[in-house]
Each structure stands twice: as C-alpha cells, then as structure tokens.
Amino acid sequence: MLQSVTAQPEVARSAATDYIVEIRDVHYSVGNRPIFSGLTMSIPRGRITAVMGPSGTGKTTLLRLVTGQIKPDRGQILFDGVDVSRLSRQELYDLRMRMGMLFQNGALLTDIDVFENVAFPLREHTDLPDSLIRNIVLTKLQAVGLRGAAQLMPSELSGGMARRVALARAMATDPEMLIYDEPFTGLDPISMGMIVRLVRQMNYALGITSIVVSHDVEELSILADTSYIIAGGKVAAAGTFVELKDHASEIVNQFMNGLADGPVPFHYPAPDYYEQLLSGKS
Amino acid sequence: MNLLRELLENLRQFIATIGATTLFLGRVLAQVPRAFLRPGLIIEQVHNAGALSLVIIMTCGLFVGAVLGLQGYDLLQRFGSEDALGTAAALALVKELGPVVTALLFAGRAGTALASEIGLMRATDQLTAMEMMAVDPIRRVVAPRFLGGVLAMPLLTVIFIAIGIFGVQVVGVQLFGVDSASFWSQMRSSVGVDDVYEGIIKGCVFGFACSLIAVYEGYTATPTAEGVGRATTRTVVTSAVLTLILDYMLTALML
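Sequence lines, in order, name chains C and S. Mapped onto full-length UniProt numbering, the consecutive letters of the first sequence carry residue numbers 1 to 282. Mapped onto full-length UniProt numbering, the consecutive letters of the second sequence carry residue numbers 1 to 255.
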C-alpha cells in the first residue's frame, strides 16, 4: 500500500555512523562571492543541532546544500553515508522522503486548506484509503495543537499557526530528520515557546534528528544539544552553549553577546565619510 | 561598438531563452503521461483556463462578429454583394479572427493567471516545499496547467467563432435585412471542412504556444513581487507576438 514512505531509497548507503549528515570541506560560491570555503561539520544522529551565524553567512544556503537543492563547487555532503550532490533527481527525491523541512514562512500550499496541506505528501506518495489518511492527518494536527483548524485556509492562519501546520506536514511521512529554517523569525513569545516545545517533543518522542538554523541565541540555548557558529565561510566555533559562551574567538563572542560592532562591522564597507560628504558625490 | 555588443548580448540571451524553453518543454512533455493518470487535476485546469475565460471570450466574440457584420455589409453593399456577408464573415472568423483573437484573449486572461500563480508559488517557496516533499512541481503543478491550457484553447476558439457568426447574423440579417436564407446557405456552401480544420489546428498550436509561455515564465520568474510582475508582462507580450508570427507561418503552410 505504501509506495515510497516505507520503502528504503534505492541509493547506496554506507555503514551507519553516529552522524546522519557529514559536511566535508565544502566550497560554494555565488558568482565571484565565496559563501563557504572549506566548511566541515557533522550532525549527530538523534540530537538537535543548531546552526547559527550572522545574517548573510550562508545558513540557509547550507540547508539547500544538505537537501540537494544546490550542489557544492567542491567537497562532500553525506546524508547517512550517501553523497547528496552526486544523486540523480529520482535518487534525490527518494532521499528526501527521509527528510522533512520547515520553511521560514511555512510555504503552505495556498489553494488548499490545512487538512489537505498535511495530507498532501500522503496523497502524493501513497495509495492509502481516505479514512486512514484522515486519521494520520488528524493525529499530526493534534500533535501541533491545530486539529480544530483543519478546515481553515492558509490565509486564515497566523504566522505561528502556519509554521505549526508546516511542521505537521513535514512530519506526515515520518521522516528521519527534520530541518528548520529560521523557525522563530517574526513570532510572538507565545508562538515561539510553542515552536521550541514542539521541536523538542518531535525530536525526542519520535527519535529523529533535527537541524535548526537560526540566529535566535536565547531560544537555541534552550533547544540545542550541539551548536555550530558559521562565519567567514567556515565553522567559527562548535560545541555546547556553555562552551560557546566562553569561546575565545572575537566573532563568536560578538555573536553570542549581541555586540553591535566587532569583527562583523557595524558599517558596510564605504569610502571615507568626510571625504564623501565634501566631494558632493553620492 | 557598444550598440553592437548590446545587440550581440541580446541575441545570445534570445538563443539561450529558446534553448531553456525547449529543455523546459522536454521536462513538461516527459511528465504529461503521468499527469494524465490524475485527470482530476487536468479537468480543474481546463475549468480554470477555459470555463473561467468563457465570459470574456463570448463577449468579445459577439462584438468582433458584430463589427465584422458592420464593416462587411458596408463593403459588400458597394458591389451589390450583401448576400455574401455570411461567407466572408464566416471565413474570416473560422480561418483567422477566431483563433488569433481567442489566443490574444487567452494570453491576457488565462496566460497571465497561470504565470502569476506559478510565479507566486515560486516566490512563496511552495514549489521548493514540494521538491522537499519529493514531489516534482513540473508533474504536479506545471504539466496539468499546461495541458489544461492546451485543451481549453481549441474549445474556446470554436465558441468564439460560433458566437462571432451569431454577431454577424444579428447585424447583417436582423439589422440590415440581408436575406437570411442566402446568408446561411452561402456560408454552408462556401465554408468547407478544411477551413474549419485550419481554424482548429491554429487554435491548438496557439494554445500550445501560449500555455507553454505562461507556465515557463511563471516557473522561471524571479521570486520577488517585481519578478512575478515582469513574468506576467512577458507572458502577454511574448504570447501575442508569437501568436501573430505562428499565424503567418500556419496560414502560409495551409493556403
């Protein structure tokens, strides 16, 4: 009955390791601008890993690399031992059946209601009868506290609700790994607390791996088991929150303590201020 | 030198766009058989592109026919040939005006709707979310919309022609008193099956071209409000120009 959800992807898998994702010496540029230059990191299986860094350091780009949306210029990205960048489109789709991703804006399909959004991956990948799909969808919506909102359209949801529905949708096919792209951005404290609680619950109740990309240090300090800080195209620091708080690196110190000026300058590179004012040119 | 460089760059971009559109068409056509496995999605899109365009197509068909009746009568009465109004108007509508005007209206109504819908799905990460759910957006979103447009266009063309002939009849027969029997009998004896085929073939080709342009522009739109706006504009302009170019080529082929 289940076609792809329960089937193992037809890709070669190396022996299971303690790390579900391994990023090895990845280089990636957009035009002439290098985003990553030798990025190396490992995501431990069954844990919550935070990926942090100042804006524009390539956190979302990293997620796109891990999920195979883009390919690195050099280096390897292994998901469960499989090099993501070498897979064909179909192999990549098979691999993505084992991942779920929560987008910053939820990315719900706007022409169908909440129930159908959560049912979408099930209807696309399985031949399950409607009665069973209904039960699975209601279970997932109950888990995120939105069973009562099943008939609402995405336009009727608040930002926090949309993200919770997107989380229910991401869990619909029971993935091994959930990826969260900026899950706390633009949320009120109550919604933020709900998302933090859900991420923890999902991770440990379902025994999955979570990668949370964000720059909300406070929330991640509650949530993450391990954290990485990316800056300058590389990993600037890695470890627990306590370790990062006391880190010697200036950029890590600036990021963790929210300092306005430091290695990441307050001012965007510009010509001399007084010279520019006096020259009369823009 | 700058002008030459700019011209060469424009030419390079034009060729690159044709190449990209051809590759895109290949991807869409490869998914067409799988899209037919879910006819519900295609029927929904035929409704969106076809049924929702009916009012504009019928209204315009009626007035194009009426204007054709006015101009045709004015011209033919100078030669004392008012009875040929039915033949002249029907041939003009079946072979040229029907398919061309329908395609232009289709591009303006359904084409822009398709391009902006797909473009907005791109801008709001809905297409990326589908890819992350291992669902190919070309199969799930693009192919049904493309097929919906391809199937709806010939149907709209036929409706436009029928309503247009009704408009000619209202003006010619009801208003100016052209003999009804001559109007219909001359039309029936002069308009052959080949003429009807020509109109339908043009409708199919224009439907294919306009639908392809709409889904391509939407799918490749820059994911911003401005990008979607530009894609929508390009859809109308490119569709209109291509329709007229294809019309000349098809007419030359089928004369």
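Calculated from the structure, these hints are not laboratory results. This structure is a prediction, so every number in the text was calculated from the model and none was measured. Please note: incorrect hints may appear among the correct ones.
[Stated by the list, open to error] Here are the computed lysine to any residue pairs in the SDA-like style, where the Cα-Cα straight-line distance is at most 20 Å:
| # | chain 1 | residue 1 | chain 2 | residue 2 |
| --- | --- | --- | --- | --- |
| 1 | C | K59 | S | T124 |
| 2 | C | K71 | S | D136 |
| 3 | C | K59 | S | D136 |
| 4 | C | K71 | C | M256 |
| 5 | C | K71 | S | G227 |
| 6 | C | K245 | C | M256 |
| 7 | C | K234 | C | N203 |
[As the list claims (entries may be wrong)] Listing some non-contacts, in silico: residues in chain C with all C-beta distances to chain S over 10 Å:
| # | residue |
| --- | --- |
| 8 | S29 |
| 9 | D174 |
| 10 | M192 |
Every residue, glycine too, gets a C-beta built ideally from N, C-alpha and C.
Hints and how they fare:
1. C:K59 to S:T124: 19 Å, holds
2. C:K71 to S:D136: 18 Å, holds
3. C:K59 to S:D136: 25 Å, violated
4. C:K71 to C:M256: Violated, because 30 Å separates the two Cα atoms, which is more than 20 Å.
5. C:K71 to S:G227: 24 Å, violated
6. C:K245 to C:M256: 6 Å, holds
7. C:K234 to C:N203: Violated, at roughly 27 Å.
8. S29: 20 Å, holds
9. D174: 13 Å, holds
10. M192: 21 Å, holds
Checked against the numbered hints given earlier, the structure breaks hints 3, 4, 5 and 7 and satisfies all the rest.
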